[in-house]
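S.K.: The residues making up each chain are set out below.
There are 2 protein chains.
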Amino acid sequence: MKFSEIGEFGFIESIKKECITSLKGVIKGIGDDCAVFGPYSGRVLLFTTDMLVEDIHFLRDKLTPYQLGWKAIAVNLSDIAAMGGRPLYILISLAIPAKTNVELIQDLYKGMKDICEHYTVNILGGDTVASPDKLIINISLIGDAKEEEVIYRSGARSGDKIYLTGNVGDSSAGLKILKNEISPPNSIGSHFIKVHNEPEPLIETGRIIATSGLASAMIDLSDGLLSDLGHICKESGVGAMLFRSKIPLSSELKLLASRTRFNPLDLALSGGEDYILLVTVHEANSKDFELLFKDKRPSLLYLIGEIREEEGIRIVNDDGSIEEIDIRGFNHFIS
Amino acid sequence: MKFSEIGEFGFIESIKKECITSLKGVIKGIGDDCAVFGPYSGRVLLFTTDMLVEDIHFLRDKLTPYQLGWKAIAVNLSDIAAMGGRPLYILISLAIPAKTNVELIQDLYKGMKDICEHYTVNILGGDTVASPDKLIINISLIGDAKEEEVIYRSGARSGDKIYLTGNVGDSSAGLKILKNEISPPNSIGSHFIKVHNEPEPLIETGRIIATSGLASAMIDLSDGLLSDLGHICKESGVGAMLFRSKIPLSSELKLLASRTRFNPLDLALSGGEDYILLVTVHEANSKDFELLFKDKRPSLLYLIGEIREEEGIRIVNDDGSIEEIDIRGFNHFIS
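If you read the sequences in order, they're chains C and D.
Residue numbers are given in numbering that gives the first Met the number 0: position 140 of the first sequence equals residue 139, and the series is strictly consecutive.
Residue numbers are given in numbering that gives the first Met the number 0: position 12 of the second sequence equals residue 11, and the series is strictly consecutive.
Because the hints were derived from the structure by calculation, they are not lab data.
Be aware that one or more of the hints could be misleading.
Restricting the straight-line Cα-Cα distance to at most 30 angstroms, the calculated cross-link-like pairs of lysine-lysine (DSSO-like) are [unchecked claim]:
#: 1; chain 1: D; residue 1: Lys133; chain 2: C; residue 2: Lys175
#: 2; chain 1: C; residue 1: Lys133; chain 2: D; residue 2: Lys145
#: 3; chain 1: D; residue 1: Lys160; chain 2: C; residue 2: Lys98
#: 4; chain 1: D; residue 1: Lys178; chain 2: C; residue 2: Lys98
#: 5; chain 1: D; residue 1: Lys175; chain 2: C; residue 2: Lys98
#: 6; chain 1: C; residue 1: Lys112; chain 2: D; residue 2: Lys233
Pair ranges (Cβ atoms, derived) [as the list claims (entries may be wrong)]:
#: 7; chain 1: C; residue 1: His117; chain 2: D; residue 2: Asp132; range: 31 to 39 angstroms
#: 8; chain 1: C; residue 1: Gly212; chain 2: D; residue 2: Ser189; range: 58 to 66 angstroms
#: 9; chain 1: D; residue 1: Arg260; chain 2: C; residue 2: Asp60; range: 47 to 55 angstroms
#: 10; chain 1: C; residue 1: Asn100; chain 2: D; residue 2: Glu310; range: 30 to 38 angstroms
#: 11; chain 1: C; residue 1: Asp54; chain 2: D; residue 2: Lys233; range: 33 to 41 angstroms
#: 12; chain 1: C; residue 1: Asp294; chain 2: D; residue 2: Gln105; range: 45 to 53 angstroms
#: 13; chain 1: D; residue 1: Gly212; chain 2: C; residue 2: Asp294; range: 49 to 57 angstroms
Since the model is a prediction, treat every value here as computed from it, not as a measurement.
We treat Cβ as the ideally placed atom computed from N, Cα and C, and that holds for glycine.
Based on the provided sequences and hints, a complete structural model is requested.
M.R.: Following this line, the structure appears as structure tokens:
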């Protein structure tokens, strides 16, 4: 069935079931001019949005509609994770070419609903409109946290340790495989594609860090390690030193690198879309912070460097030499 | 200057000034993963979103970038007005073709900032991405109200009076003039174009109605009078009767109709984008309700019909005959 046959309202009818995964606090979801929820007291709200445009952020033949729906929500949840918050309420705007199959959009919503259910997020409504040619997805997300729990980009101080909560570079390798820029050994290609197409937002990790009160700054890696660390440095008025040998690479990425001519560190530093957390921690808190991750299996915490007073990002090579890094991350307009 | 030259981050730098019009409650606006505000207590939050797509919702040569920015925010504010709420916080997502002039986007933001300042709304952030060809705007808006003030679509009951807070059809006439489907007398063309391109969201009117506690249901007219009244009827499980002679038409629309072959009532009933409020009021409250508008200049309140138990919308013609109405409003996918 084509979208032009079912129409906007028919479509809304078809997708509005299962949008509420927890009734608590929801006064009105889909079906009115605005969604209404609350009342609130004693907590602050987190409000974020992300737009995904076909042929810019995704290629329709490189992931399933289900994965696209999952990922569109995941990248927003990751922003809430990066503040240490709980995700709560979502609005979904879709611009859909009239020739699009309704089944495709329903699969898209299935992916969205599944990830929302997984993280107990309520879809409260949105806007569904026509598009001349490209599929456009905009997600708006509200979360909350105790005011004192929220972790900003601006809190990093000289001497702080820099941690990552997972490996970097796999997602970027997945994109290169999807674009046929790398030919992986058969056994590991699907690993990278899965990491790229089905990111897992680190909500629970973000909450553990936030409630511990031990982090000085936090960000999720969406643009790439150097670019996102650069955001922390800029907002905090500091610089950073990274240890080249400490950048965490998956065994799959090392294997891939050994079979191809790509330098895995290039993907790790500038690749983007890792959706893990970069955390800075005052040196005095670093031991307690590391203890938070001790009981985790797998133990996903890597010390990769230190915040420095001097601006800029430098990297310490294995031979002890230091090089200034040219910060390049994913920039939507400068290629 | 082209957008490809300034880049995403340069652009964000260039527009992030003046986004905060009132510091009260704002903990973090532009510059982090999420915006943070609050804490809240005792009030409920209203959360709405709207997407505007080039060549679907607007034609670039038919309104200025400033007007486009104004209108993109206005249609969202109108949704808050329709619940009786106060608008508070906004996120702006833009997908911008790389060849777009930065000045155009800055003018767009000027329109957005001016209307936000006018209604004391804070722009807290957003997402700026590339687009292959079309300009896409998505606005997410949070408002609040006391829980008992909020007016839903679902509260209309048989016997309730139906009111409009302004004229209908002018915006639709403006669109037809812009598309060269109507040639107006020189003296009045600009009136319709202004109504279409620079809608005024009725926040204050919505607040007066909400705080009075006298309305049973409310909606803003975006799809068209019949379509939006149809939403009220559907959500409330009722029907409606409209008096043809009571549908409020501006003197300009009457003049336009006398000079062209268009029936002004067609525009008034099915035109859309009026952004006035349709309000239903229990008969026992109707006199008090009308008093709310007595001191207004101009007095913008028109009694246009009554809610009925029988489903469907009927219209009473001037000769007393009654006809069943085929509900046609603006539907994005069925033409």
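S.K.: Just to be sure I understand the hint, the distance between the Cβ atoms of His117(C) and Asp132(D) should be within 31 to 39 angstroms; is that true here?
M.R.: Since the Cβ atoms of His117(C) and Asp132(D) sit about 35 angstroms apart, the hinted range of 31 to 39 angstroms holds.
S.K.: For the pair supplied as a hint, Lys160(D) and Lys98(C), is the alpha-carbon distance within the 30 angstroms limit?
M.R.: 42 angstroms, violated
S.K.: Range first: 58 to 66 angstroms. Now tell me if the beta carbons of Gly212(C) and Ser189(D) are that far apart.
M.R.: 60 angstroms, holds
S.K.: Can you let me know if the beta-carbon spacing of Gly212(D) and Asp294(C) is within 49 to 57 angstroms?
M.R.: 55 angstroms, holds
S.K.: Should the hint that Arg260(D) and Asp60(C) are 47 to 55 angstroms apart at their CB atoms be regarded as holding?
M.R.: 49 angstroms, holds
S.K.: Within a Cα-Cα threshold of 30 angstroms, do Lys178(D) and Lys98(C) meet the stated pairing?
M.R.: 25 angstroms, holds
S.K.: Hint check: Lys112(C) vs Lys233(D), CA-CA at most 30 angstroms. Holds or violated?
M.R.: The given pair, whose Cα atoms are some 26 angstroms apart, holds under the 30 angstroms limit.
S.K.: If you check the beta carbons of Asp54(C) and Lys233(D), does the distance land in 33 to 41 angstroms?
M.R.: This hint holds: roughly 37 angstroms between Cβ atoms.
S.K.: Take a look at whether the Cβ-Cβ distance between Asp294(C) and Gln105(D) falls inside 45 to 53 angstroms.
M.R.: Taking Cβ atoms as reference, Asp294(C) and Gln105(D) lie about 52 angstroms apart, which means the hint holds.
S.K.: Is Lys175(D) within 30 angstroms of Lys98(C), Cα to Cα?
M.R.: 26 angstroms, holds
S.K.: Decide if the proposed pair is consistent with the structure: Lys133(C) and Lys145(D), CA atoms, cutoff 30 angstroms inclusive.
M.R.: 40 angstroms, violated
S.K.: Quickly compare the C-alpha distance for Lys133(D) and Lys175(C) to 30 angstroms and report which way the hint goes.
M.R.: 27 angstroms, holds
Comparing the model with each numbered hint stated earlier shows that hints 2 and 3 do not hold.
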